[in-house]
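Quick mapping for you: the protein sequence lines, in order, are chains C and B.
Residue numbers are given in the UniProt record's numbering: position 215 of the first sequence equals residue 215, and the series is strictly consecutive.
Residue numbers are given in the UniProt record's numbering: position 41 of the second sequence equals residue 41, and the series is strictly consecutive.
Cross-link-like lysine-lysine pairs, in silico, BS3-like; alpha carbons within 25 Å at most: (1) K22(C) with K103(B); (2) K22(C) with K110(C); (3) K110(C) with K103(B).
Reference listing, derived: stretches of chain B covered by chain C, where coverage requires no fewer than 3 residues with Cβ under 8 Å from a Cβ of chain C: (4) 13-19; (5) 35-48; (6) 93-101.
These are calculated hints, taken from the structure and not from any lab test.
Every residue gets a Cβ at the ideal spot worked out from N, C-alpha and C, and that includes glycine.
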Amino acid sequence: MTDPLIPRDRSAHPDAYDPGYKTSVVRAPTMPLLSLDSGPTEETGPVFGHDLLGPLDHDLTQNFTQGAGLAMGERILVHGRVLDENARPVPHALVEVWQANAGGRYRHVKDGYTAPLDPNFGGAGRCMTDAQGYYEFFTVKPGAYPWPNRGNDWRPAHIHFSLFGHAFAQRLITQMYFEGDPLIPLCPIAATVKDRSQLDRLVAPLDMAMSKPMDFLAYKFDIVLRGTRQTMFENKPEGA
Amino acid sequence: MVQKLERLRETASQTGGPYVHIGCLPSFTGITSIFPEDLGRSPIAEGARGEIVTITGSVYDGTGWALRDAMLESWQPDASGIFPGHEGADPAVSGFCRFAADKDSGEFTLRTVKPGAVRARDGTLQAPHVALWITARGINVGLQTRIYFSDEDNSADPLLARIEQGPRKQTLIAEATGDGSYRFDIVLQGPGETVFLDM
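Just chain B, with the same shape it has in the complex (with noise of 0.2 Å):
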């Protein structure tokens, strides 16, 4: 016998399914008498510094097909590379932000101020980046991955360098398309697959 170790199991993840919106997004499906309004509308408020940026995508599964029940959130830093809640943040940026593809195309739209760099622990410096959790109907644990941008220099991120080959970086490299507007496709499955993190 040993000593008995006081630590508790991470209670298991279920899909958050077909009717995930109700809870989450409820607006979504016309559920409007319940809250004021759904929870992270918008990652920053009127004012806030830094570069507007608005970044479209769809979530495609293993046939190519764009999800129609989708739900995503972002997290992210402000302009200066501070977290919401740290000193010195910006007021005007909450950084959290959940949205939906859009229940006809498939089509999520992202509205936000482009993040500043952020040192990881060991004081190297990552790229700018957002933080996307995907759920859907058939997604059994939520999946992790990251929004970087093609226009800032993302050569010495750290979290790139890991990926070993160079095709994959580019599943997580939003592709500017002019006036601050980016496209970013995430692939569940298959040719193109996105990469999905465990951290």
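Isolated chain C (complex conformation) (with noise of 0.2 Å):
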């Protein structure tokens, strides 16, 4: 039998709808969401095994070309812990990350910025959580870039995440800024979190201890996910 879920704080979230950001305005559901206990079904999850993981899956600067070049940019370390709402680390959860390259261009059809690719950046990778709920992974810092929705918006740098806890309703995709970027208080996508304690979480602060000189920078950057309710006085079918 698995645990309940706590009940998402919705609060801790953008709204569905939110006109600054002008794509979600005809993807928004209208309708309330429908409000259950969590059961079975939302509290198991796909278990993903170390052994999905090769050798430079958490490495951006070098897994695109599988080692046989750098890409260019800034070299940066982001690592962070992933914990859960009653503040226990989540281990063995998979992290992936995405994001574009040092110019502020991503990889993709769809993406027409004059910044050129950088021949040596593909912009994704993954990596799974220690027994401590740590992970980390090594990449270049993305650039900012603009994007089609006010008359001049641009999205401050960023990175992709998507997490795997161990029960399917923890998911969660979110993006990592970094400190002091000026673009953070203009952009509409940042602007979807009301809340300016969440907002100030999805922040990266430069990490000097984590750094090695003469190499990279390091940013750290902790992820919370959904907790679930552990008691005695659960109301469960006899002989569960």
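Dock the two chains into a complex; use the hints.
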């Protein structure tokens, strides 16, 4: 028997409808969500083994060329912990990331920005948290880029994160921003997060202690997934 | 003053954006040198027990346009209603699949085994269903829903019973079109809007 998930605190998240982010306008449900206690379908989830990971999966500076060439840009280590709402580490959680290259260009047919592709950069990586919930990957700092929304909108430098916990209903996609980026307060996508303290938690601080002299800078990004309610007083059927 | 609750708030969700496939289905964007294959290509392997079903559909926005950039994930138990990783589960069922709307037509296809019924915590039997999670540019928090099957007895399912308006229940039921095929369209907004879940 799995444990029930703590119901999601929707005030921690953006609303579906946010006119500042124009694409959300026709893609936002208007009817209320149907709120129900989680059950086995939500509380279980796919299990990924460490054997899934190749040796360069977590190194975006090399994985596109499989080590044959290095990506252009400011070399950074991104590291942190995945915890749950009960402040417990989430071990063996799959963390997937994707990002633009150092010039702010994605390797995608739909991205027509002037900044060139980097022949040595794909822009995807993945890793798994260890027993204490720690993860790290190595990459280049992505560039800012313009996007079609209002007249002159630019995305702050950011890395997309996709996370699996142990329950399918813990699934989370979010974005990490960088300390000190003046574009964060101007960005309509960052601004979908209305709670200022929640937005601040998407901004990774520079972490000089983890940076390596003459090699790379480091940024720390902790992530919190939904937790479970574990009490002796759950209403379980006889014999379950 | 009171004692401090040692709780953390969940990290805020952000849209997966237009390039979600780069990270989640890289081969869809032509990136094939990083990973040997995309994660969750199929929820079943050769020899999976049960009835093979193919579910086809589209994700429509509020104007009736099928999204070309939606990414979906499904999660389900095996044909006996046992979730992967649990005792007695069919080893040929991973239960997880990740798939995209077609970039030209917007249509997606999920090929899997029809899941068995699963008991809820209170012991009531839920009708067979697949959990679905939908993300795309413009979706700020991933959307949860379920796929039920029109040729199963859904009359006693506790989740469907919670939907007050009869016609809205139909938005969660894939329509059998013969030979193990089903149609399941998702409407993000407006008339026929799919019931999305907060579970």
